[in-house]
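Enquirer: Sequence:
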Amino acid sequence: MSNKKRGTFVLYSGSSGVGKGTIMAELLKRDPSIRLSVSNTTRSPREGEIDGVHYNFVTKEQFKKLIDEDGYLEYAQYCDNYYGTPKKQVEDLLNEGYNVFLEIEVQGALQIMAKYPDVLSIFILPTSIESLNRRLHRRGTESEETINERLAQAQRELTYKDRYKYNVVNDDLDAAVNEVLDILHKEASNNLNLS
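Here the sequence shown is numbered in this note's numbering, starting from 5 and rising by one per residue.
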């Protein structure tokens, strides 16, 4: 980007099944200054996943070396694999003037908030658990057991919504996207240093 003003770092979370990905796809279409942070993982790529797009696929040795170098904003281990947000990649994009969104689950977001209390954080909410239940059933892509697990997860995640600076209700896609963009532009001067 020709504009060298430092970008804004945004923690972006939401309850399970709320439409975070749909909102993010629209944000990326509408605002060329937005980039989505790509996490490192030690798991193998799934069919159709592209290195550097969906994840940066690394070895456990590479991942652990970066841990030792304090090279992650946050990281976690799930099912014998590591997942983490590489600090340098995010810093480089911010220095190029991009607004970097980190779409992350609540536990990882809390790690980052503890290190960087001034981070811009946005939590996407359903209008209600009942509306989320209807939405998940309408999709028709998951079993009743999976839907119940997602609803229970969403209820746990919702207990953390007040830890985020902004809550955006995804009642109407266009309105939710516009609200996130309004927040981003309002907070653009919040240029957090992650070093």
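Just to be clear, a hint being listed does not mean it is correct.
BS3-like, lysine-lysine: derived pairs with alpha carbons at most 27 Å apart [said to hold, decoys possible]:
| id | residue 1 | residue 2 |
| --- | --- | --- |
| 1 | Lys-24 | Lys-190 |
| 2 | Lys-190 | Lys-169 |
| 3 | Lys-33 | Lys-64 |
| 4 | Lys-24 | Lys-92 |
| 5 | Lys-165 | Lys-68 |
| 6 | Lys-33 | Lys-8 |
| 7 | Lys-165 | Lys-8 |
| 8 | Lys-119 | Lys-9 |
| 9 | Lys-33 | Lys-68 |
None of these hints come from the bench; they were simulated from the model.
Since the structure is predicted, the reported quantities are computational estimates derived from the model, not experimental observations.
Enquirer: Determine for every hint whether it applies to the structure shown.
Expert: The hints, checked one at a time:
1. At roughly 20 Å between alpha-carbon atoms, Lys-24 and Lys-190 fall within 27 Å of each other, so this suggested pair holds.
2. Proposed proximity of Lys-190 and Lys-169 is supported: the alpha carbons are some 13 Å apart, at most 27 Å.
3. For the suggested pair Lys-33 and Lys-64, the alpha carbons sit about 34 Å apart, so the restraint of at most 27 Å is broken.
4. Restraint check: the Cα-Cα separation between Lys-24 and Lys-92 comes to about 25 Å, which is no more than 27 Å; the hinted pair holds.
5. Restraint check for Lys-165 and Lys-68: not satisfied, since their Cα atoms lie roughly 31 Å apart, outside the 27 Å limit.
6. Only pairs whose Cα atoms come within 27 Å are accepted, and Lys-33 paired with Lys-8 is accepted, the gap being roughly 21 Å.
7. A threshold of 27 Å between alpha carbons decides the hint, and for Lys-165 with Lys-8 the separation of about 33 Å lies outside it, so the pair is violated.
8. In summary, the hint linking Lys-119 to Lys-9 is supported, as the alpha carbons are separated by about 23 Å, within the 27 Å threshold.
9. With a CA separation close to 35 Å, the supplied pair Lys-33 and Lys-68 exceeds the 27 Å bound.
Checked against the numbered hints above, the structure breaks hints 3, 5, 7, 9 and satisfies the rest.
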